[in-house]
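**Q** As a plain string of letters, each chain reads:
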Amino acid sequence: MAPGALLLEAHREYEKSSQKADEYLREIKEQNVLGDAVRQCVEAAAHEYDPDTQKALMRAASFGKCFLTEFSPDQFVTTCRELRVLNAVRESSVGMPLTHTQFKQMTLQVLIDRLVYRQFYPLAIEVCRYLKIPDYQGVSRVLKHWASCKVQQKDLTDEAIARAVCAKVGDSPGVSYSDVAAKAYECGRPELAIKLLDFEARSGEQVPLLLKMKRSQLALSKAVESGDTDLVYTVVTYLKNEMNRGDFFMTLRNQPVALSLYRQFCKLQEPQTLKDLFNQDDDHQELGNFYVTSSYRDKRLEGRLAQLQSAVDEYNKAKNDFAVKATEEEMRLLRFQRKLDDEKGAGLLGLSLQATMEALMSLGLHKQAEQLYRDFRVPDKRYWWLKLKSLAEKEQWEELEKFSKSKKSPIGYLVREAPPLNSPL
Amino acid sequence: MAAHLSYGRVNLNILREAARKELREFLDKCAGSKAIVWDEYLTGPFGLIAQYSLLKEHEVEKMFTLKSGRLPSADVKNIIFFIRPRLELMDIIADNIFSEDKLHPARDFHILFVPRRSMLCEQRLKEQGVLGSFVNIDEYILDLIPFDGDLLSMEYESAFRECYLENDQTSLYHTAKGLMTLQALYGTIPQIFGKGDCARHVANMMLRMKREFAGTQNQILPVFDTLLLLDRNVDLLTPLATQLTYEGLIDEIYGINNGYVKLPPEKFAQKKQGEGSKDLPTEPKKLQLNSAEELYAEIRDKNFNAVGAALSKKAKIISAAFEERHNAKTVGEIKQFVSQLPHMQAARSSLANHTSVAELIKDITTSEAFFDNLTVEQEFMTGVDTDKVNTYVEDCIAQKDPLIKILRLVSMQSVCNNGLKPKVLDYYKREILQTYGYEHILTLNNLEKAGLLKPQTGSRNNYPTIRKTLKLWMEDANEQNPNDISYVYSGYAPLSIRLTQVLARPGWRSIEEVLKMLPGPHFEERQQLPSGLHKKRQQGENRTTLVFFLGGVTYAEIAALRFLSQMEDSGMEYIIATTKLINGTTWIKSLMDRPESQIP
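Residue numbers (this note's numbering), protein chains in the order written: chain G, 1 to 425; chain A, 426 to 1025.
Each hint should be verified, as a subset may be incorrect.
In silico PhoX-like links for lysine-lysine, alpha-carbon gap of 25 Å or less [what the hints assert, rightly or not]:
1) G:Lys367 to A:Lys825
2) G:Lys317 to A:Lys879
3) G:Lys408 to G:Lys394
4) G:Lys267 to A:Lys1014
5) A:Lys874 to G:Lys267
6) A:Lys879 to G:Lys319
7) A:Lys551 to G:Lys240
8) A:Lys848 to G:Lys319
9) A:Lys848 to G:Lys381
10) G:Lys267 to G:Lys299
11) G:Lys389 to A:Lys830
12) A:Lys741 to A:Lys787
13) A:Lys825 to G:Lys408
14) G:Lys325 to A:Lys813
15) A:Lys874 to G:Lys325
16) A:Lys825 to G:Lys381
To be clear, the hints were calculated from the coordinates, so they are not data collected in a lab.
My request is simple: use the sequences and hints to build the entire structure.
**A** As structure tokens, then:
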């Protein structure tokens, strides 16, 4: 008799409170095969169909285990669990008469898949939970299948399905609402898809499907919500190609974040579009700045002046008096510089007012410098410093003395005693 | 090599190691010999993560700087572009690929986007018709780079400009992502405080990203107790003021880039015996500045006026240590002495270097110009005559001092006066345009948009209230043995750091009024920790706060936070993170627009 059979017998006697139990047990132990006996019982149980027989065999194994030390319980525990699962799927309502060998061969993953394909979702989930399979391989996977199936139920309203899906799936990690929504969209239920997408926590994930569904406005706002500017750019580029210009601008107008990003893009890539955007928003200040920037790109003075004139017009509309005046002054200065460059080859064009006066002085064109000082209402202080420096640099001491006496110095006098006086500073 | 990163309360070397591991993995993905084509901006930050030796171990044989035209010849199997996701750079890459020699055996091209790949850029490559040429397109997520044991920076130069001028929040997205990475390594931060619109935006994104990763619970015991997010525009004043700590002054005067400073070489000439001082080195002297250098760690955060004394004390200790050799009598004692020699020699050369640096700085800080400038700054900060045109500023313009200096001063006056009277503002603006050129009208406009310059509106000047409530000005600040953070600016206590200090104790509720005067919302959020991860605090154990400056932080502010960490009764240790390490000059520069004239 095999040790397992003997152990089964021993347990039966033990249940009957018969001393034969001890006898059989001793027999097994003497041959040093108690471990084998337990293993045999467990294995036999695994191959049994009848739950009562399974139980009898497992109890015998358990009984035998009591007399062993350092015996790994793994096989016993695993078999218990597997038997529960096998018994559950063998139920007539499910009807999968799997043998234990078949089960081992096809693996648990496949069993769950089969349950899913037969739409035994609750059982599949129970199995996953019972066998403690990590969520993303187990429960979540089942839920994902369930949800994908649920969205195809034609007899339910979009609202009902969305609610049901949300209630079941909740925040389960690894279930992508976007995937479920994509399925709904494939089945021709775009409204449902949108409702489902709302549950998607990752805004970024919603965007590609929304674009595919041509819900570009929604895609844009989801992209903005995600905070991922690259995603926003992506949607914006897509919209730009899809829509006519007017609609595109209108759409952006409702999304300030996207609009700012698009402006950035245009600044580098499409300056003309940037202008149109400012125009549409009546942003005259920015338009003014735009013309100023582009004025520097113009290769001819006439062009540059024309651009600056446009800037003046815009600054006027923006009621920015300072900018209007400053720009007009710049235009005047440019014309003046051009005239002197033509007449004297002074090389002034593009210099600041201060630098222009400085250059004029060093060329000895003091009258012209003074003209600028008056025309542009340069503060006395700054002009005096400049003139003082310029005369000192050229060591025109008499001139300097004359200048210093022309009126009271707005920058004071510094008394130095001992010559040589290299610099008035 | 990067041991100084692990000395602090939080071991930031973990972050660096994680970054290195990812880099190695990417390099190994491209089997065979490699050449790297660098987006030049990235080389500095990358230097803090990996030296060339690491790249070499992974078969990187050549390195080039990205530029148009044909790539330099290199007999390698792989060409890898390390690149920021910017459209203009994509065009250069496309040009590189088109210029490849068709006769040569084909090389494999790869792109590594730093810090994140971009659909927009890939689309551009596709439009250019080169997307298919790449075997591998990947991203290298490098948001927060460890600069020191208590300092992280993203080195995202344009963050402030993008956020406040261009309404482009890309940098904030990277910030939020960077904070998620940090939390993945150092545990969920249970408490988040913030002040400012950008801070709010980052906190919102963080909370949402956390929801998105729901389920993957972070099982790490939190290292940080609190995160404080601060917008730079809450405190526009501090970066404008001249920093007066040792490190701050080095940055103000010479500029510290990615932990290195380049100094004029004259003072560092090696005087060798028998050689005249004829051949002075012409290359600038490059020094690495971080806490790995013992002496530097000691003096970097001191007020510059206390650095001299510290250096001479150190000099005495070192020469005493060298004198020890006369006492060494037995062989054992001599051996002991010799074993310490390398350390002592390093200390001596470090001392020599910093003495030279201090001399260089002293030449400047003792100059009249520096003194005058500082006096005016301090007048502004104490609210003296901030509503009139300042004669010193006027004179500086007349003398054509550097424009940035002028912009710093005028902005400071405007901030300290809660805006300037329109007449005063227009006067300054006109002076600037007439002297430095009309093109700066765009820069002035930018400064106005950023709130640095503004016309005073009807509302009352609230700066004095803020100054008094937060004690921003401390008379008799002790520079030698400071007892308050105001020592970092010799009197001015940085607003941003005061906010941090008050938050720790007694809490922001005590300054509600002032918080309302500063721009943007203030808020508090909590993040749930999985049960079992709640910290059991030891008696007397300090709390750790991560202070994140959105839009930049100065070295003086960092010094002030370190000072708070070291105060015995503060009970708080600070780790500092920022989008960019800045000073007034680099900051203003980032806000400037300078169109180039095309007229020949």
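**Q** Hints first: check each against the structure and report whether it holds.
**A** Structure-based check of each hint:
1. Of the pairs offered as hints, the one joining Lys367 (chain G) and Lys825 (chain A) holds, with about 22 Å between alpha carbons and a cut-off of 25 Å not exceeded.
2. Our distance criterion of 25 Å between C-alpha atoms is met by Lys317 (chain G) and Lys879 (chain A), whose separation comes to about 20 Å.
3. Only pairs whose Cα atoms come within 25 Å are accepted, and Lys408 (chain G) paired with Lys394 (chain G) is accepted, the gap being roughly 22 Å.
4. At most 25 Å may separate the alpha-carbon atoms for a hinted pair to count; Lys267 (chain G) and Lys1014 (chain A) meet this at roughly 19 Å.
5. Restraint check for Lys874 (chain A) and Lys267 (chain G): the C-alpha separation of about 17 Å stays at or below 25 Å, so the hint holds.
6. Taking the CA atoms of Lys879 (chain A) and Lys319 (chain G), the gap is about 16 Å. The hint holds against a cut of 25 Å.
7. About 17 Å separates the Cα atoms of Lys551 (chain A) and Lys240 (chain G), which keeps this hinted pair within 25 Å; it holds.
8. Between Lys848 (chain A) and Lys319 (chain G) the alpha-carbon distance is near 16 Å, which keeps this suggested pair within the 25 Å criterion.
9. A distance of roughly 18 Å separates the Cα atoms of Lys848 (chain A) and Lys381 (chain G); the hinted pair therefore holds under the 25 Å criterion.
10. Of the supplied pair hints, the one linking Lys267 (chain G) and Lys299 (chain G) holds, its CA atoms being roughly 20 Å apart against a limit of 25 Å.
11. At roughly 21 Å between alpha-carbon atoms, Lys389 (chain G) and Lys830 (chain A) fall within 25 Å of each other, so this suggested pair holds.
12. Using a Cα cut-off of 25 Å, the hinted pair Lys741 (chain A) and Lys787 (chain A) holds, with the two alpha carbons roughly 21 Å apart.
13. Only pairs whose Cα atoms come within 25 Å are accepted, and Lys825 (chain A) paired with Lys408 (chain G) is accepted, the gap being roughly 23 Å.
14. With a C-alpha separation of about 22 Å, the suggested pair Lys325 (chain G) and Lys813 (chain A) falls inside the 25 Å cut-off, and the hint holds.
15. For the hint pairing Lys874 (chain A) with Lys325 (chain G), the CA-to-CA distance comes to about 20 Å; that is within 25 Å, so the pair holds.
16. Taken as a hint, the Lys825 (chain A) and Lys381 (chain G) pair is honoured in the structure, with Cα atoms around 13 Å apart against an allowance of 25 Å.
Consistency with the previously given hints is maintained throughout, with no hint failing.
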